[in-house]
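**Q** The primary structure of each chain is shown beneath.
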Amino acid sequence: MTPIFGYDAVVSLIVDAVAYPIFCATDMALRVKQDVVLATTASSGIARHKRLRGLYEWSVTTSGLTKINNSDGQISFFYLLQESVRGVQQTIQIDFSDAEGNDHSISGTVIIPELGINGPATDWSTADITFEGTGEFSMAAVDPPEPAACEQEDTLYIDAVAGQTSVHHDLLEQDGVVILSVARTGDTLYATNGTPGSLQFLADLPNGDIHIDPTVPFNSGEWVAVEYKIES
Amino acid sequence: MAVYTNNYLGLPGLDYVQDAGLAFATILKVTREGKVHKKVDGTPGSLEFRYTSSGGKIEFNPNNPFRGPTIGRPNAQELEKISIKYKV
Chain A
4 MTPIFGYDAV
14 VSLIVDAVAY
24 PIFCATDMAL
34 RVKQDVVLAT
44 TASSGIARHK
54 RLRGLYEWSV
64 TTSGLTKINN
74 SDGQISFFYL
84 LQESVRGVQQ
94 TIQIDFSDAE
104 GNDHSISGTV
114 IIPELGINGP
124 ATDWSTADIT
134 FEGTGEFSMA
144 AVDPPEPAAC
154 EQEDTLYIDA
164 VAGQTSVHHD
174 LLEQDGVVIL
184 SVARTGDTLY
194 ATNGTPGSLQ
204 FLADLPNGDI
214 HIDPTVPFNS
224 GEWVAVEYKI
234 ES
Chain B
41 MAVYTNNYLG
51 LPGLDYVQDA
61 GLAFATILKV
71 TREGKVHKKV
81 DGTPGSLEFR
91 YTSSGGKIEF
101 NPNNPFRGPT
111 IGRPNAQELE
121 KISIKYKV
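Protein sequences appear in the order of chains A and B. Remember, my numbering sits 3 above the position in the first sequence when you count from 1. Remember, my numbering sits 40 above the position in the second sequence when you count from 1.
Accuracy of the hints is not assured; some may be wrong.
[To be verified] On the chain B side, residues computed to face chain A include the following (Cβ under 10 angstroms):
| id | residue |
| --- | --- |
| 1 | Leu68 |
| 2 | Ser86 |
| 3 | Arg90 |
| 4 | Lys121 |
| 5 | Lys125 |
[Stated by the list, open to error] Simulated coverage check for chain A against chain B, where a stretch passes if three residues somewhere in it have a Cβ under 8 angstroms from a Cβ of chain B:
| id | region |
| --- | --- |
| 6 | 61–71 |
| 7 | 87–96 |
| 8 | 220–232 |
Hints in this document: simulated from the structure, not taken from any laboratory. Yeah, the Cβ is synthetic: ideal placement off N, Cα and C, and Gly gets one too.
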């Protein structure tokens with residue numbers, strides 16, 4: 004999964020059940036602050052103990068360039084500046100997405116304690132606004148992390164028996180074995196699903212066998228190197 | 041676990057490659073000039089190698105040192121290619 008680029012974190016105001024991006028924002032920040040109380044006791048040792056009271060507060064700030072009105076689908080600073088808008092509770096939504104199409108949304112009811120706009124003589128005007136949550140925000144549950152699939156990789160050197168056309172190793176009987184490479188006394192063999200020919204091998208994994216060209220059995224002193232991994 | 045492959049050019053006249061990055065690793069595959077070699081504990085013979093974990097050393101058949109001129113600057117094309125796949 005790829006990181007979230009800032010461009011893909013969008014704060015929107017909900018108006019008549021439709022989400023409109025606030026300004027042409029260039030920055031946003033969501034902060035959640037939980038109430039903490041001290042819980043140190045005589046048996047706490049030398050470090051303070053703390054616990055959560057179960058209360059929290061949250062706020063969102065965003066800033067960016069703005070236009071005079073909302074005509075292009077972005078919420079203008081001046082729309083928000085109106086007493087009829089800033090003076091009542093609003094609903095906002097923050098949408099996060101990434102380049103792979105994953106997304107996550109946070110929404111909640113807010114009040115607007117602070118907003119402003121500046122106008123430097125030689126640059127664009129920028130507006131900023133602070134939303135303070137009133138009540139809980141809502142968002143979809145995020146699954147806890149799962150351990151990454153465990154892969155073991157190793158190499159077996161199996162001495163061949165002269166006259167035989169296969170080798171066996173108990174470790175190749177394990178579930179999840181994947182053959183990475185096979186070499187016969189130095190020469191790399193290539194996998195086949197049928198009867199192996201010259202420089203080919205057939206892996207019979209449930210039985211832990213590696214078969215070679217049946218017309219060219221092993222000579223005395225030959226060996227087979229089997230590089231494998233186990234996927235779980 | 042991370043798996044890496046290091047490629048080396050054999051120094052003419054030597055029969056080993058040594059790299060601190062190979063120390064305390066698990067050697068998965070060693071090829072010399074494309075030929076897969078077998079890991080052994082004793083003195084390596086033909087198509088065999090010995091790995092010394094603490095020094096990160098891969099030794100080949102002492103009777104068959106790496107080819108190439110031992111005097112002057114060798115041409116890379118003349119040198120033997122060794123590939124070592126390992127995990128740490």
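**Q** Identify whether the interface hint at Lys121 (chain B) stands, where standing means a beta carbon of chain A within less than 10 angstroms of its own.
**A** violated (14 angstroms)
**Q** Examine the region 61–71 of chain A for residues whose CB is less than 8 angstroms from any CB of chain B, and state whether their number is three or more.
**A** Violated - the region 61–71 of chain A has 0 residues with a Cβ nearer than 8 angstroms to chain B, which falls short of three.
**Q** Holds or violated: the region 87–96 of chain A covered by chain B, criterion of 3 or more residues with Cβ-Cβ distance under 8 angstroms?
**A** violated (count 0)
**Q** Under 10 angstroms is the threshold here; is the Cβ of Leu68 (chain B) close enough to any Cβ of chain A for the hint to stand?
**A** holds (5 angstroms)
**Q** Does Arg90 (chain B) meet its interface restraint, that is, does its C-beta lie within less than 10 angstroms of any C-beta in chain A?
**A** violated (13 angstroms)
**Q** Minimum Cβ distance from Lys125 (chain B) to chain A below 10 angstroms?
**A** At 8 angstroms from the nearest chain A Cβ, Lys125 (chain B) passes the 10 angstroms test, so the hint holds.
**Q** Per the coverage rule (Cβ-Cβ under 8 angstroms, at least three residues), is the region 220–232 of chain A covered by chain B?
**A** holds (count 3)
**Q** Can we keep the Ser86 (chain B) interface hint, with Cβ of chain A closer than 10 angstroms?
**A** Holds - the Cβ of Ser86 (chain B) comes within 10 angstroms of chain A, reaching about 8 angstroms at its closest.
Of the hints listed earlier, those the structure fails to meet are numbers 3, 4, 6, 7, in rising order.
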